[in-house]
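Protein sequences, first through last, are from chains A, B and C. The number in this note's numbering is simply the position in the first sequence, starting from 1, with 11 added. The number in this note's numbering is simply the position in the second sequence, starting from 1, with 732 added. The number in this note's numbering is simply the position in the third sequence, starting from 1, with 64 added.
Please keep in mind that the hints were generated in silico from the structure rather than gathered at the bench. In this text, all values refer to a predicted model and were calculated from it rather than measured experimentally. Think of the CB as a built atom: it goes at the ideal place given N, C-alpha and C, for glycine as much as any other residue. Nothing false has been slipped in among the hints.
Straight-line C-alpha distance at most 30 Å; calculated DSS-like pairs for lysine-lysine: (1) B:Lys-935 <-> C:Lys-264; (2) B:Lys-756 <-> C:Lys-264; (3) C:Lys-252 <-> C:Lys-291; (4) C:Lys-252 <-> B:Lys-1004; (5) B:Lys-1029 <-> B:Lys-1168; (6) B:Lys-935 <-> B:Lys-736; (7) C:Lys-337 <-> C:Lys-362; (8) A:Lys-51 <-> B:Lys-961; (9) B:Lys-939 <-> B:Lys-998; (10) B:Lys-980 <-> B:Lys-961; (11) B:Lys-936 <-> A:Lys-83; (12) B:Lys-751 <-> C:Lys-291; (13) B:Lys-1186 <-> C:Lys-105; (14) B:Lys-739 <-> A:Lys-19; (15) B:Lys-1198 <-> B:Lys-1114; (16) C:Lys-223 <-> B:Lys-1004; (17) B:Lys-998 <-> C:Lys-223; (18) B:Lys-929 <-> B:Lys-989; (19) C:Lys-334 <-> B:Lys-1085; (20) C:Lys-268 <-> B:Lys-998.
Partial chain A-side listing against chain B, Cβ under 10 Å, derived: (21) Leu-15; (22) Asp-25; (23) Gln-26; (24) Ile-35; (25) Tyr-53; (26) Ile-68; (27) Tyr-82.
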Amino acid sequence: MAVLEEAKIVVEHDQCKGCTLCIIACPKDVIIQLSSFNTKGYHPVEYKGEGCTGCGICFYACPEPGAIIVYKKGAVVE
Amino acid sequence: MANKILKKSDSFYAVYDRKPGEDKMNTHYCPGCGHGNIHKYVAEAIDELGIQDRTIIVSPVGCSVFIYYYFDLGNIQVAHGRAPAVATALKRAHPHAIVISYQGDGDLAAIGGNNIIQAANRGEQITVVFVNNAIYGMTGGQVAPTTLVGMKSSTTPRGRAIENEGYPMKVSELIAALTAPVYVERTALWDTSSRNKAKRSIKKALKAQMEGKGFTFCEIMSPCPSGWKLTPAQSLEWMKENMGAYYKVGVLRDEIKTREPIIKEKKTVTSKEIQEVLGTDIKPSEHYPTNPEDRYKNPSMKFAGFGGQGVLSLGTMLANAAMEQGFNSSWIPSYGPEMRGGTAYCFVNISDKEIGSPTVSNPDLLVAFNRPSLEKFEGDVKPGGIIMYDSTIIDVQPTRDDVEILAVPATGIAESLGNIRCANTVMAGVYLAKTKIMAKEALIQTLPKAIKKKHLIDLNIHALEKGFEFIENN
Amino acid sequence: MAKEFIKGNEAVVKGAILAGCQSFYGYPITPASEIAEAAAKFFPSVGRVFLQAESEIAAIQMTYGAAAAGERTMTASSSPGVSLKQEGISYAASSELPVVLVDIMRAGPGLGSIAPEQSDYNQIVKGGGHGNYKLIVLAPNSAQEMCNLTMLAFELADKYRAVACVLADGYIGQMMEPVEYPEPVEMKIDKSSWALHATKETRKNLINSIYLEPAELEAHNQNLQNKFAEIEKNEIRFDEYRTDDAEYIGVAYGIMSRIMRSVVDTAREKGIKLGLVRPISLFPFPKAKLRSYRENIKGYFVTELSNGQMVDDVRLAVGELKPVRLYTRMGGYVPSIEEVFEGFEKAFIK
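For reference, chain A alone in the conformation it holds in the complex (with noise of 0.2 Å):
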């Protein structure tokens, strides 16, 4: 168990469609495109590492019910 310090996301690559709506959404610009390709053939989207606030939009804006997980600031993880 650890609380983290810092918000982040966390990208499924396999769930990733690479629609890149999350990129487009994302107020900070830390999301990028890969340019290698996941199992289903897209090029999936990665976290920068660092720089996010957890505001979530790119959660919501991510059509794909698994693909992004977003941890806020002070979330309580394995």
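Position chains B and C against the provided structure of chain A, taking the given hints into account.
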């Protein structure tokens, strides 16, 4: 600390086991399709409201036909456009259920147009999530009622033309024009702010349903990049610029706060109450045996006259009384192509044997209340049978000489009693007195079943007695 | 037990309530409207749902929803309305929802007339909607059977999770006769393994008729066919009248079976050994029963108010060993005993 982590809602299956094929983790939707967003908002609202166990979601026909792959809710998939009708019955069967009808624009606005309007107009306590992407997605991008003017689709290859397809249908405005709906809002998915409104709208509607407020309708403009032949990013811009210009976002009706809730509950009724309401727990009647001559037994009868002369009720009166005396009986009204020319008639059979055909060509008895009936049917009466006719009304006599003929001034007698409507009961009295197939008391006992207006029962008893007197005096 | 003198159409409604039917969804049409009217009168009084739907299409879909919710539910209509219901019937058959449909047949095609015909035989018995399915079809010929067979329809619909139809004609619907009522039935069937009760226990359930994989849909179809085979094995019902020594077997259902009963008596008075087999279940059809006579009789005399629809099933059942002859009327014309007897004489005697 759930609100610190945004992840797949509990109202989704963790793994989509119902989905065929290898991929049990992803939806079947195209990249950038808005259905996934809307699914997430619905699922999250259900989680937050704590209604997962009692929510039933109705899958339409369209791209969202497979929402039962994803939602861990009670699931039902239905015919194209019919979701509101099915949802209506689900809710009425289970008033505690939260029922969501999830529909696209082809499903809801085209083939199901009447179903949605009528469910809305009845104020069904359901929530409709209406996904408007201005096109048929699943069948391959054909024109929908919501397709914009000039917009190309596979069945408007030159673009939607007003002259051919008319104007795009503003469904929320149609729904909001009705009185019953309590909440109607149009939202969109083109940017963060609009998505937030869409999300709030769904939760608001579901909450209103929980409170028993009435019919709630959430239209959401949603991108269809494949159908529009645009990238997901282009789709958002196109949608905002074009759909947004024609379909205005906003609340079209919100009476949630002021509307009185209607809480429906199922009541249980005992078997005894059911029998009382249906009148199926029937008390046996008194028996009044008679001893008619053989020639009068088991008669088949025809009663004919103008509508309003009590022809049909004379039949039911006798048939009903006969049943209570233990006979088989049947009654059938003039029905079908012979019902014309203002003449009403019915057939009655009374028999101590099982009754075959309820109609007969040659009745044992004809009772005629007007001249056309006498002239039309007198030839049919079986030789040796009886013709009774209302001699107050009919100014001719039957021509038959092989039947018994009784000229009864039934209407005249009824008038002397103060109501010509009881002429039929006078005839009943005459017939029973003549044939003795039943006792007077047998008919009196049954009168309340044949005569709905209680204050007329005494009058009809008098009429019956007058009929008996007629035979005694002639 | 005392009886009530009542119209067949109303006996349907009382039978339905006694059978524990919890909801009625209908749409008015002559000559079936008394069913909706009686349902409107009685259903709410016993805490049950009555709703006049916006169309026949919607009414059958509402029964789809109600049956999915675990209710005993019904709809009623007459021929043109039943044509509209075929969509929902096909869906309910595929989703294996126990729905009871009552069809009070009138004359067609098109708007036709309100007078009786039996020309829905094919659209009900053969399945008027798309796909490989059957309805359980019961054909009453009296007000008493309108009550009893409606109750049986609910029982069989639940037993087999199938659509059951009470198929009557305008005459049987409009005719009044004595009816003796059974006791109300307590519906105790546990449907929680498949129905949607809006509970935690039933949240996993899915009512569905779409199967995109051919193998899966074929298996689903095969299961349905197995069920219909089971119904054919268990649920054949018929009635016989003076068939013991018969040289001719009449075959008729509904109002024509009542007329044929009198025709049999007429024939017997003239020394002609005519008997009557009345199919009560039209699906399953009493094929073996009809076939059982063929060695010992001179022929089959089929009467129906149509262009000859049931006769196809008789012919399939009995083969070509003995003649199968047909007397039909159409257009709402109900023949007299004499006319049918004459038809019989023309077919076999003269």
